[in-house]
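Undergrad: Take the sequences, apply the hints, and build the full model.
Protein chains: 2
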Amino acid sequence: MRAPRLRTRKLDLQNGRVDLSHGAGGRAMAQLIDEIFREAFDNPMLDQGNDQAAFDVPAGRMVMSTDGYVISPLFFPGGDIGSLAVHGTINDIAMAGARPLHLAASYIIEEGFPLADLQRIAGSMGCAARDAGVAIVTGDTKVVERGKGDGVFIATTGIGVVPPGLHLSGERARPGDRVIISGYIGDHGVAVMSTRRDLGFETELLSDSAALHGLVAEMARVAGSSLRLLRDPTRGGLATTLNEIAQQSGVGFLIDEGAIPVRAEVAAACELLGLDPLYVANEGKLVAIVAPDAAETLVAAMRAHPLGRDAALIGEATADEQRFVQMTTSFGGGRIADWLMGEQLPRIC
Amino acid sequence: MRAPRLRTRKLDLQNGRVDLSHGAGGRAMAQLIDEIFREAFDNPMLDQGNDQAAFDVPAGRMVMSTDGYVISPLFFPGGDIGSLAVHGTINDIAMAGARPLHLAASYIIEEGFPLADLQRIAGSMGCAARDAGVAIVTGDTKVVERGKGDGVFIATTGIGVVPPGLHLSGERARPGDRVIISGYIGDHGVAVMSTRRDLGFETELLSDSAALHGLVAEMARVAGSSLRLLRDPTRGGLATTLNEIAQQSGVGFLIDEGAIPVRAEVAAACELLGLDPLYVANEGKLVAIVAPDAAETLVAAMRAHPLGRDAALIGEATADEQRFVQMTTSFGGGRIADWLMGEQLPRIC
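Residue numbers (our numbering), protein chains in the order written: chain A, 4 to 352; chain B, 4 to 352.
Any given hint could turn out to be false.
Same chains, same names: a pair is fine if it fits in one copy or spans any two.
Stated by the list, open to error - Here are the simulated lysine to any residue pairs, SDA-like style, with alpha carbons at most 20 Å apart:
1. Lys13 with Gly337
2. Lys13 with Asp341
3. Lys13 with Ala303
4. Lys13 with Leu23
5. Lys13 with Gln250
6. Lys13 with Asp45
7. Lys13 with Pro117
8. Lys13 with Gly345
9. Lys13 with Arg175
10. Lys13 with Ala119
Calculated from the structure, these hints are not laboratory results.
TA: Shown next, in the form of structure tokens:
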């Protein structure tokens, strides 16, 4: 009754490509998961081979966040979709003040995608997770026909644990609170853009893609309950983030545009392309809203951390029923920095 | 200094289409989220408008699972990608014996997708979640250019809480354990297939897409620690699921093919298409492996539940170093039901 089983050959990681069988749930998929994902994400929960990961949690406040990553191109100066898909989700967890615990990764792969690129992306994702001290404990792989996707999309979901007593949320800004940005803005958007268009200038600019939970833990330690809220200015940039907070908290903002750190290369690229750095995406920066008396101490503490060394106090929240974000410019004038209208740069994350 | 803000018109949900601005992070995205997703998912955590949801959890065992949904077509007899994306993830949570707690949804939408269809999918997703007693507490929306996606993909991630004392995992099957299937197999795959190809026959077959956590809770109550493990035979079907368990537990299986419930319509469609129902996907069925002395009681309890009324004892685990899944056929013969090789039906979930 028994037939000898065919030995499956190893995946051809140099020249092979993903085909529809790699998403069909059978032996080919099991092999793809074994030889690429388990290898790259290497952890005991994933190794159990169940359709879910199980782990113990302490009682308390937990946060959950999910993000789809559709960045184009997949590889960019300073990172790739794999590292970005870890940093971005960790940052959403960290913005609640939480310590990231575990990640789940869902891959949607286009038929014909090179296995070598998939291995590189999974490897980079695994590295970013290990560097951040989190594990990718469960995942899923789907394959769509050629022309029905675009290389690889990744949806990463994270959970994290909020330290007792810490409560950060978008509605907690009060008039008089200070606004801090953790460093230079626009690096990610401009770095990605430089790979897409012929900008006509030389730049060594890298994406700022980074996991911010370490910086956040330090900020929470120093500022405690004076810290009102944190948010990472990704799509839509700093201006859109401030508008979101203004909306949620029912305040306005008055920002000193000259105090916002912008690199010369970013300013130059934006000028060339007719873009405003205030609306360009970041992937390793945060905006902090903090009670006035804790602001100076907080900025000093941030500057002592590698990911906050260019932190700057850039303005304050105002009593404003209309919830406007106002910029005072270096020429002494002023303007409203409204929400991003339309789209400045598609598929930046 | 202030400019009057343009009033945003409501989305045209009848004739409008998704464009790239709906994924750019600005005002258009905020509007899409407000008018479609918040409306459909309606819950206080989502309404907070943060990039993450926060909630309290008890100490204990937690599970996390993620799945990407790329089903084509998006609407099929008995469901759509929205309901499927809830049921599928809840089931992965439930297969660990866990009570599902919260879901996160990540949408990747192709430019040009009709807003009316998006609203219908989100509505169906919201309904399925409410019916199952879980909330979609956080989400994300990305838009890719026309021709770089295929309508809508959804990645859903869930977390759940395992009742104390319950431990279900793929490596727990022992020789002599009984194998139970909760009902008719192949309905989902054949229902979806009937929308894709001209099968040349009339069928009223619906997908079996359903959330199984209620059935699982009842099974755990009745069988307690005699219940070794559960798994839902989705992609790859029943045969592939049994092979996975055989691999993880280091056992074989001997299955009575005649005892497996297969509807006449499914058998006919499979015969017509040259498919084997054993490899066709299910979205509302589970395989249970249970200690022999608890098997009869468990089947009886399952049959008393609406989602298990056609439950059947179909075979047992065997001592087999080669980990073969053997079928005894109704003609008294036997065959090996190997892993699914290649792909039987792409994008079935």
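Undergrad: Would you list, in rising numerical order, the hints stated earlier that this structure does not obey?
TA: Of the numbered hints given earlier, those the structure breaks are 1, 3, 9, listed in rising order.
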